[in-house]
Amino acid sequence: MSQKSLTIALAGNPNSGKTTIFNNITGTRQKVGNWPGVTVEKKEGIVSKYGYELKIIDLPGTYSLTPFSIEEIVARDFVLDECPDVVIDIIDASNLERSLYLATQLREIDCKVLFALNMADVARTRGIKIDADKLSELLDLPIVFTIGNKSEGIDELLKKAIELAESDVDTSGKRKVKYNKDIENSISKLRSFIEKNSEISLPYKTRWTIIKLLENDKIVRERVLQKVGDQGRNVIQEVQIHRELLADRFNDDPEIVMTDERYGFIAGILKEVFTTITKQRIDISRNIDLVLTNRFIGFPVFIFFIWAMFQLTFSLGVYPMEWLDTGVNWFSVSLDGLLPDSLLKDLLINGVIAGVGSVIVFLPNILILFFCIALFEDTGYMSRAAFLMDRIMHLIGLHGKSFIPMLMGFGCSVPAIMATRTLESEKDRILTILITPFMSCSAKLPIYIVLTGIFFSAKAGNVIFCIYFAGIIIAILAGRLFRSTLLRGADAPFVMELPPYRVPMVKSLIIHMWDRSKMFLKKMGGVILIGSVVIWTLSAFPRNIQYSRDYIAEINSVRASYNTEIIAANGLDSQHIEKKLDAAIAELEMARKSEMMEKSYMGRIGKILAPVFAPLGIDWRGGVALLTGFVAKEIVVSTMGILYLAEGEGSNTLKNALLSSDMTPLSALAMMVFVLLYLPCIATVATIKQETGSFKWTLFSVTYSTLLAWVAAFCVYQGGKILGL
Amino acid sequence: MKQNHNNNHVREKEQFKKLFKQEHIDNFEERFKVFEIFLQTKRHVTVSELLELLNENGYQLDSSFVRDTLKLMCRFGFAKKIQFEDGPVRYEHRHLGRHHDHMICTKCRNIIEFEDQQLENLQIQIAAARGFHMLQHKMEIYGICSNCLKTRMHPMSLVMAKQGERLIIKDFTGGAGARMRLLTMGLRVGDELDGITSPSKGQMVIAVDCRRYVIGRGLAQKVLVEPRKN
Chain B
32 MSQKSLTIAL AGNPNSGKTT IFNNITGTRQ KVGNWPGVTV EKKEGIVSKY GYELKIIDLP
92 GTYSLTPFSI EEIVARDFVL DECPDVVIDI IDASNLERSL YLATQLREID CKVLFALNMA
152 DVARTRGIKI DADKLSELLD LPIVFTIGNK SEGIDELLKK AIELAESDVD TSGKRKVKYN
212 KDIENSISKL RSFIEKNSEI SLPYKTRWTI IKLLENDKIV RERVLQKVGD QGRNVIQEVQ
272 IHRELLADRF NDDPEIVMTD ERYGFIAGIL KEVFTTITKQ RIDISRNIDL VLTNRFIGFP
332 VFIFFIWAMF QLTFSLGVYP MEWLDTGVNW FSVSLDGLLP DSLLKDLLIN GVIAGVGSVI
392 VFLPNILILF FCIALFEDTG YMSRAAFLMD RIMHLIGLHG KSFIPMLMGF GCSVPAIMAT
452 RTLESEKDRI LTILITPFMS CSAKLPIYIV LTGIFFSAKA GNVIFCIYFA GIIIAILAGR
512 LFRSTLLRGA DAPFVMELPP YRVPMVKSLI IHMWDRSKMF LKKMGGVILI GSVVIWTLSA
572 FPRNIQYSRD YIAEINSVRA SYNTEIIAAN GLDSQHIEKK LDAAIAELEM ARKSEMMEKS
632 YMGRIGKILA PVFAPLGIDW RGGVALLTGF VAKEIVVSTM GILYLAEGEG SNTLKNALLS
692 SDMTPLSALA MMVFVLLYLP CIATVATIKQ ETGSFKWTLF SVTYSTLLAW VAAFCVYQGG
752 KILGL
Chain G
266 MKQNHNNNHV REKEQFKKLF KQEHIDNFEE RFKVFEIFLQ TKRHVTVSEL LELLNENGYQ
326 LDSSFVRDTL KLMCRFGFAK KIQFEDGPVR YEHRHLGRHH DHMICTKCRN IIEFEDQQLE
386 NLQIQIAAAR GFHMLQHKME IYGICSNCLK TRMHPMSLVM AKQGERLIIK DFTGGAGARM
446 RLLTMGLRVG DELDGITSPS KGQMVIAVDC RRYVIGRGLA QKVLVEPRKN
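Protein sequences, first through last, are from chains B and G.
Under this note's numbering, the first residue of the first sequence is numbered 32, with each subsequent residue one higher.
Under this note's numbering, the first residue of the second sequence is numbered 266, with each subsequent residue one higher.
Where hints are given, some of them may not hold.
[Stated by the list, open to error] No more than 20 Å apart at the CA atoms, straight line, and that leaves these computed lysine to aspartate or glutamate pairs for EDC-like:
1. Lys-345/G - Asp-291/B
2. Lys-212/B - Asp-456/G
3. Lys-220/B - Asp-474/G
4. Lys-209/B - Asp-171/B
5. Lys-160/B - Glu-288/G
6. Lys-190/B - Asp-213/B
7. Lys-302/B - Asp-436/G
8. Lys-336/G - Asp-366/G
9. Lys-307/G - Asp-650/B
10. Lys-346/G - Asp-650/B
11. Lys-346/G - Asp-279/B
12. Lys-435/G - Asp-283/B
13. Lys-302/B - Glu-288/G
14. Lys-435/G - Asp-291/B
15. Lys-336/G - Asp-279/B
16. Lys-336/G - Asp-436/G
17. Lys-336/G - Asp-171/B
18. Lys-752/B - Glu-609/B
19. Lys-345/G - Asp-171/B
20. Lys-302/B - Asp-351/G
21. Lys-336/G - Asp-650/B
The hints are simulated quantities; they were obtained by calculation from the structure and are not laboratory data.
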C-alpha cells in the first residue's frame, strides 16, 4: 500500500529553534547553531508516521515575508511557489510579539498554518504566561506547545499537522489583518480593476499580491510583470497611483503604514492572551554582553579566545596524533613483514598507507578545531565576534557580519561561502566570497603541521599562528584593493540580532564532531585514497627504466671490495667496516631510486612544473604535491608522503625523508605561504561558482589567488635568501 | 517687492545650507534641490505634486526621499505640515512675520518673536558703517527653546546613546527599506531600549526587552530616541 505523502514546511524567526525541531521529527542531524543564518538553504527530511509519508522542509529563518537577503528569499519562495500542505510556524514564546508578525503574514498568503509555541520553558522562567486556547481561538488555528531541545510535544505537533492537512477548511475566510479604511479601499479598488480584466491572471492569490505590490515588493512586482505581460504594466501603474494616494494620505510610505497596522492587530491579540507576572526580569545575556562586547575588554577577550582555539588544536592534538602515528607505523611495518615482495605490497605500503596514513593522523587536530568553532556557534559568541570585528572589517568596507563566514572558513571554505547568503548586499557577498579562501581551512592544517613540525620544531605553534594571521591580513589587504577597484559600493544599512547566550547542548556538539569525522573519513576513503593510488601509480611506472648508471653492478663491486677489506681486517674491525658498507650501498640505492623517481611519469610531470616552482625554493616533488592539492588540500601531504618516502631508504617517516631532501626552513615557509594563498580545492571552486552564479568571478578568484600565492612565496623565498636565512 | 522676496529666499537658502551641513545631514545636494523647488511653490503642495515639479525641472528623485526631506525641513522650521480633514498631507512654506525678529526652536518648532530696539539700531549702524543701504532685514536665531532644554524632551539620534543609558524610541527617519528592516525585526516607536556598547566608531549594541541588536552607525543615526524617565 502506498502511503499518502504530505509536505510540511517549518517556518519561523531566526533562532526560534526550527532546525532542532526538524532534527527531532526526522531523526536526522542537521547542524544547529546559535546565530542568525545557520540554515541558509532549505533542508528536506522524510519520515513515515501515522500512515503518512511526511516530507519535512526546514526553511531558513525570516522575520517577515518581506525578504532582504537570499536566505530569506529562499524561505518565502518555498512557501509561495511550492505550496506546502501545512506550514508550521515555530513561534519563540519568549518573543511572542515579533513572532506573530511573521504569523500574520503567513496567514495573509492563505496557507494552512499551525503554531508551535516553542521554548515555552524559557518564556515561563521569564514570567510570561500565554493563553494558548485564547490565541488559538482568536487566530482560528491549532497551537501546540513544544520544547525543541527536550523534544516535547513533537508527536502532537505532527498529529495536528496531519489533521490540518486533511481537513478541508477554507483558509481564505480565516481571520486576517484588516487594514484601515483607506488601505482596504485601495485594495478593493485594485481587486476590481484586476478582476474586470479577464486577461490578468496573477501568479499568487489576489489579495496578497495587491498587498505586496502596495508595499512596493520588488520581487513580486517583477513576477507579476513576467507572468502577466503587457497587462501587468497597467496593474503596476494602477498600484503606483494608489501608492501615491496612500502616501499622501498618511504622510508615510504605505509599507510602513501597513506594518504598523499589523503590529496594531498583534497588539490587540496580545492584550487578550499575554500576561507577564514578574516585572523585574534579569537578562543574563545582557549582562554577559556588557562584558564581552565592551568597547575596551571585548576585543582582547576575542583575540584570547582565537589564540586559545589554536593552542588547544595544536598542543592538545599532539598526543592522540602521536598514538595514531605509532599505529600507522606499526601497521606499515607488520604489513611489510607479512606480505611477500610484490607490486601489490608496494602499492599498499608506499601508496595507500604512505598517502592516507600521512593525513589520517591529523583527525584529532581537526576535530578539536571544529569543536572550538562549534562552541563559538552554539553558545552565541559567533555574532559577538562579528560585532567585535566590525571596526576592522570596516577597513575594507564590509560589516562585521562578513566575519562570520571568514571565521567558519577556518573549518571549511564550502559552508563558509554558503554562509555569505546572510549578507544583504550583493557586492558585499562577492567581496566576502573572494577573500574567505584566505582563511586557512582545516585541510591546510596538516600541511602546516608537517612542515613546521619538521623545520621549526620548537616554534611550530607560533609559526602556524603567524601563517593564519597572515591569511587574515592578506584577506583584508586584498579586500581593500577590490573594494576600491572592482567592487565599489557604499555601506548598506545594517542591523543584526544578537541571540541569547545558551549553554551548548552536548548532543549538538557531538553532532558537529561526528559530522566532521564522517566527512573526513569519507574523504580519506574516497578522494584521498584514489588520489594516493593514482600518485603512486604515476610514480612507480614505468617499471623498466634506462638508468644512466649500472647501479647493480656498482653495488656488487662495492660489496666485493668491502668484503675483501673485511677479510683483510681479520674480524677485528669487521663491524665498523660492515657499517661503512651498508652506508655505501644505501647511498647508491638512494641514487637509483631518485633516478627512478625522476624518470617515472610523475617525475616527468614534475620536471615540466619545476621551472615554475624553482624560484620559490620548492623542488619538483613539492610542485607536484601542490598541484594535486587542487583535488583536496589534504592530498598535498599524501603526495609528499609518497614521493619523499619512496626515496629515503630506511627512513620510514616523512620527517626524516623531508629532512634529507633539499628542503630548508626557508623553502618550507615559502611553501606554506603558497599553500595559504593558492587556488582553493575543487569543492570550494564549485561552491564559488554556485554562489556567485558567475563563471567570471570564479575564474577570477582562482587566478588572482594563485598569482598572489606565487608572488608572495617568491618574495618570502628570495627575500629570505637575501637576508641570508 | 519682488526683489525683496528674492532676498528672503537667498537668505533662507543660506540658512538651509548652514543648518543642514551643521547637522551633518546626508545627501545634501539632492535635499537642497528639493528645497529650492519647494521655495518656488506658492501653494500647499503634497509630496507627489512636489515630486512632479522636481521632475519638470529635470530632477529624478524618489518620493520617499522627498518626503523625508520635507520632514527634515519641518524639523528645522522651513516648512509646515497641514492636513485638512482626511485629505492628503500637504506642506507649506513657512512665511515668517516681517516685523519681528524670531527665535526658532529646531526641536519643538516653536517660534518666539522678539523686538529689541538696541539690536535694530545696531544693525543700522553696522550697515551704515560699511556704506550699505539697508532695505529690509530678517533676523532668525535657531536653537533649542528653554522648554525643550528644561525637560530634555528633544529626540536625539541613537548614535549619541551611552552605555547603560535608558532610552525610548521616538521616531525613525530615512528611507522605507531601512525602516521596514527595523520594524520587522521588532524595533518600533515606543520601544524601550538600553545602550549596551557604544564605541566612538562603528556599530553599537542595544538591548530591547530580552533581545539584543547590533546596529550600524548609519542606521542608528536614523533612530531618534529620548531619555526614559523612571
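We went through each hint and held it up to the structure:
no.	hint	verdict
1	Lys-345/G - Asp-291/B	24 Å, violated
2	Lys-212/B - Asp-456/G	27 Å, violated
3	Lys-220/B - Asp-474/G	40 Å, violated
4	Lys-209/B - Asp-171/B	15 Å, holds
5	Lys-160/B - Glu-288/G	46 Å, violated
6	Lys-190/B - Asp-213/B	42 Å, violated
7	Lys-302/B - Asp-436/G	24 Å, violated
8	Lys-336/G - Asp-366/G	24 Å, violated
9	Lys-307/G - Asp-650/B	82 Å, violated
10	Lys-346/G - Asp-650/B	78 Å, violated
11	Lys-346/G - Asp-279/B	12 Å, holds
12	Lys-435/G - Asp-283/B	16 Å, holds
13	Lys-302/B - Glu-288/G	41 Å, violated
14	Lys-435/G - Asp-291/B	14 Å, holds
15	Lys-336/G - Asp-279/B	13 Å, holds
16	Lys-336/G - Asp-436/G	12 Å, holds
17	Lys-336/G - Asp-171/B	41 Å, violated
18	Lys-752/B - Glu-609/B	40 Å, violated
19	Lys-345/G - Asp-171/B	46 Å, violated
20	Lys-302/B - Asp-351/G	29 Å, violated
21	Lys-336/G - Asp-650/B	70 Å, violated
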